[in-house]
Amino acid sequence: MSGRLRDSDWFGPFLVTVLAVVTVTAFSPSFLSPFNVQILLLAISVNAMVAFSQMIIIAIGQMNLSVGAIGGLAAIAFGGMMEVWGLPWPLAAIVALCIGLLAGLANGVLVAMTGISAFIITLASLSIYKGINLGITEAQPFYAIPQAVKSIGNDTMLGPLPWLVLPCILVAVGLWYALERLSIGRAVLAVGGNAHAAELSGISVRRVTMIAHAVSGFLAALAGIMLVARLQIGQPTIGDDWLILSFAAPVIGGAVLSGGRISVAGTFFGVALVAIFTQVLVLFDIDPFLVQIVLGALILWAVGINRYREVRARRQLGVAAP
Amino acid sequence: MTATPLFVAEGITKSFPGVIALDEVRLSLEAGSIHALLGENGAGKSTLIKAMTGVHPLDSGRMLLDGIEYRPKVTREATSRGIGVVHQERNLVPRFSIAENIFLERLGGAPLRRVVHEKLIADAREWLDVLEIDADPSLPVERLSVARMQLVEIARALSLGSRLLLLDEPTASLTSHETDALFRILRRLRDDGTGLMFVSHKLEEVQEICDGVTVLRDGRNACESRALAGLGRQDIVRLMIGRSEIIPDWEARDRSDRETVLELENVSTPLGHKGVDLAVHAGEIVGLYGLVGAGRSELAKCILGKYPINEGRVSIRGEPVEITSVADAVRRHRIGYVSEDRKNEGLVLMHSVLDNVGAPIWRRLANRFGLLGDGTVRAHTLPFIEKLEVRTPSLAQSVGNLSGGNQQKVSVAKWLAAETAILIVDEPSVGIDIKTKAYLHELIRELSDGGIALILITSDMPEMIALADRIVVMNDYRVTGEIANTRQYDAMSEQIMALIQG
Numbered sequence: 001m002s003g004r005l006r007d008s009d010w011f012g013p014f015l016v017t018v019l020a021v022v023t024v025t026a027f028s029p030s031f032l033s034p035f036n037v038q039i040l041l042l043a044i045s046v047n048a049m050v051a052f053s054q055m056i057i058i059a060i061g062q063m064n065l066s067v068g069a070i071g072g073l074a075a076i077a078f079g080g081m082m083e084v085w086g087l088p089w090p091l092a093a094i095v096a097l098c099i100g101l102l103a104g105l106a107n108g109v110l111v112a113m114t115g116i117s118a119f120i121i122t123l124a125s126l127s128i129y130k131g132i133n134l135g136i137t138e139a140q141p142f143y144a145i146p147q148a149v150k151s152i153g154n155d156t157m158l159g160p161l162p163w164l165v166l167p168c169i170l171v172a173v174g175l176w177y178a179l180e181r182l183s184i185g186r187a188v189l190a191v192g193g194n195a196h197a198a199e200l201s202g203i204s205v206r207r208v209t210m211i212a213h214a215v216s217g218f219l220a221a222l223a224g225i226m227l228v229a230r231l232q233i234g235q236p237t238i239g240d241d242w243l244i245l246s247f248a249a250p251v252i253g254g255a256v257l258s259g260g261r262i263s264v265a266g267t268f269f270g271v272a273l274v275a276i277f278t279q280v281l282v283l284f285d286i287d288p289f290l291v292q293i294v295l296g297a298l299i300l301w302a303v304g305i306n307r308y309r310e311v312r313a314r315r316q317l318g319v320a321a322p
Numbered sequence: 001m002t003a004t005p006l007f008v009a010e011g012i013t014k015s016f017p018g019v020i021a022l023d024e025v026r027l028s029l030e031a032g033s034i035h036a037l038l039g040e041n042g043a044g045k046s047t048l049i050k051a052m053t054g055v056h057p058l059d060s061g062r063m064l065l066d067g068i069e070y071r072p073k074v075t076r077e078a079t080s081r082g083i084g085v086v087h088q089e090r091n092l093v094p095r096f097s098i099a100e101n102i103f104l105e106r107l108g109g110a111p112l113r114r115v116v117h118e119k120l121i122a123d124a125r126e127w128l129d130v131l132e133i134d135a136d137p138s139l140p141v142e143r144l145s146v147a148r149m150q151l152v153e154i155a156r157a158l159s160l161g162s163r164l165l166l167l168d169e170p171t172a173s174l175t176s177h178e179t180d181a182l183f184r185i186l187r188r189l190r191d192d193g194t195g196l197m198f199v200s201h202k203l204e205e206v207q208e209i210c211d212g213v214t215v216l217r218d219g220r221n222a223c224e225s226r227a228l229a230g231l232g233r234q235d236i237v238r239l240m241i242g243r244s245e246i247i248p249d250w251e252a253r254d255r256s257d258r259e260t261v262l263e264l265e266n267v268s269t270p271l272g273h274k275g276v277d278l279a280v281h282a283g284e285i286v287g288l289y290g291l292v293g294a295g296r297s298e299l300a301k302c303i304l305g306k307y308p309i310n311e312g313r314v315s316i317r318g319e320p321v322e323i324t325s326v327a328d329a330v331r332r333h334r335i336g337y338v339s340e341d342r343k344n345e346g347l348v349l350m351h352s353v354l355d356n357v358g359a360p361i362w363r364r365l366a367n368r369f370g371l372l373g374d375g376t377v378r379a380h381t382l383p384f385i386e387k388l389e390v391r392t393p394s395l396a397q398s399v400g401n402l403s404g405g406n407q408q409k410v411s412v413a414k415w416l417a418a419e420t421a422i423l424i425v426d427e428p429s430v431g432i433d434i435k436t437k438a439y440l441h442e443l444i445r446e447l448s449d450g451g452i453a454l455i456l457i458t459s460d461m462p463e464m465i466a467l468a469d470r471i472v473v474m475n476d477y478r479v480t481g482e483i484a485n486t487r488q489y490d491a492m493s494e495q496i497m498a499l500i501q502g
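Protein chains in written order, with the working numbering: chain A, 1 to 322; chain B, 1 to 502.
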């Protein structure tokens, strides 16, 4: 059992997260102050949505470069509908989520129908979605965000727990359940693990591709909306810096880019680790640009561990590593 | 007249642009029997299987299942009518459990249905018991051996209620022990009333396990559903290739008095080779014979510097050498390797003939600024491409569009252009038709006459006896013996078999 725990994808990132929290707290007890925890959880909640949005595409063995562009488009749509049309915020949020879902679905339909790689399709749609964003906003933010939205984005519901943790937990549990226990989730992993076998077993690879991209778009839009609430402003630049994190967190969490292997918990702890490191740099007054370097090092560490496991497993089976 | 056959195909015709893949093919198969489907590569076996499983719709002809018209349009239709296939390539999801792989079909359909793993595992246990597989159904299949993965696929086909099971080269990557275990299970399935169709290139196995046989040649029936009893190996081969297998009437050669080009003494490797001795002389063809998994290709890759050598000595022309990398082997020692896996290791399929043949000599041909013109490469490769009669519309043609035989010629031309002194040829005639094969044999013989030291790895006994001057037999990563080739097929094959078992 302990061996299985050690070999599970989420355990490594979990251990490092705990270690990081303990070490940082020892040096700076204020790290665990309620305010700091709240800031940390806010960052984790939004970034987890970004990471999950990419994770679901990695699961089918593809990539979605347009995660940030979809998030940005949904964010300015959310802000714009409230400021320009005066829509009540729940309605605006639902429409923005639908826009994300449709943008993702468009990616999925194009990938499934043309057979062109998702990398190329989403590279193109990244440019298109970002272009629509800039066309609407002319690069100017929407400022008129209702008070209700602002408080959702910053207030706490219980102790240091911000409200934004709620959608994050719901999505994480929902994804975990779907991927482990629902036929669509298993079909997603089957397509990523061996698309040919899935096809021959009557699983429609096209349909699974379209659904996965739609879910990805939906989650990216959710991240965009949550970020508007947190920043209290409809920034057109939302999503511009999501790409590296969106791949880094799932990979730190044990995902294999060729598909079929992802971990919801691992991805979550990947996000947490990145957030903690970012905080630490601020806390100890280190240049925040170092975050990029730390992120890169984390990715290398994570893939190194995965590679080591793979080689060890092969050695146990008595076959040479390729 | 006996009861209705389980499956009947009549006048099956299927053509693709430019070729008639199946021409009026007939086949009839009884429940409770194992039927062999044989033929050379390209004879139409795979097309027939694809027609039976609904991958390819028929042009004309009809199929009957239990005497009822059967015309599948999609694979699912075949499955629901009780025809299951175990394909050559593994069709499993590596990280899924045995149980989930067996019941992979249940994941199609309604997307929000619950998957109850406990139930899958309980259901899977039943099928594992049927096939006598002693494994935990919750284990991911990536932890299983190839043989067991195959059994999982059979379990999947059976769980779908298959009464007719098509097995496409099921023993291709199994050891003889695993093959025996598989055959035991197949025989039991047969005795329980399942109809099995068995595609294999290993005639010994076919004779061991099958009851009836259908042979295809060039898309037509060379024989239709006849009993296997009374047919000898030579008879089957004659049906497959239209004549009996002939070992070319070449003289036996002894080249062991010439210069020793490559010598291994007491070599051990981290892959498991122990105390391997091997010498190859100039102009000599040394055959490495052994079953799949005996460590022959692996030994080739150690000689080539892909994997290190732990112990022992490697000498080239009497000089002890240490080959540290493949680049070192190719450039400094002029060792070439024609891989058995042309498509993945031997050639870059999407690149042109010229780029493939020229790749090993780019560095040598580049001028001092590292520049290299097509003209230079052409001048150094064209003679070899012409000599081997590679049939290609132009040198710019991508290799992927050439036939298997021509691809193999490109692989060989590549090493000739590199002025290879030691050439290792691994399973040269896999996927090549019989005429090209004969031509390729002449070519290999000619190369050795030109002074190249050749190591030939093949599992095809007639090919081995046709080509090798000396045959070194390997088993379990060791050399078990060495015989000079007298070119007497029966005597030689017996001696070789004795060495493998010894």
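Derived from the structure by calculation, the hints contain no laboratory data. Just so it is clear, the structure is predicted and the values come from calculations on it, not from any experiment. Cβ atoms here follow ideal geometry from the backbone N, Cα and C, with glycine treated the same way. Honestly, I wouldn't trust all of these hints.
So the derived list for chain B, only partly shown, Cβ under 10 Å to chain A, looks like this [said to hold, decoys possible]:
1) Glu30
2) Ala31
3) Gly32
4) Arg76
5) Phe96
6) Arg114
7) His117
8) Ile121
Per the CB criterion, is alanine 31 (chain B) less than 10 Å away from chain A?
violated, 24 Å
Regarding the hint that glycine 32 (chain B) lies at the interface with chain A, is the smallest CB-CB distance below 10 Å?
Interface hint status for glycine 32 (chain B): violated (26 Å vs cutoff 10 Å).
Do the numbers back the hint for arginine 114 (chain B), that is, is its least Cβ distance to chain A under 10 Å?
holds, 6 Å
Histidine 117 (chain B) as an interface hint toward chain A, with CB separation required under 10 Å:
At 8 Å from the nearest chain A Cβ, histidine 117 (chain B) passes the 10 Å test, so the hint holds.
Taking the closest Cβ pair, is glutamate 30 (chain B) under 10 Å from chain A?
violated, 27 Å
Interface hint check: isoleucine 121 (chain B), Cβ to nearest Cβ on chain A, cutoff 10 Å. Holds or violated?
violated, 14 Å
With chain A as the partner, please determine if arginine 76 (chain B) meets the hint condition of a C-beta pair closer than 10 Å.
holds, 5 Å
Quick check on phenylalanine 96 (chain B) please, does its C-beta sit within 10 Å of some C-beta on chain A?
Nearest chain A Cβ about 7 Å off; hint holds.
When the structure is compared with the earlier hints, violations turn up for hints 1, 2, 3, 8 and for no others.
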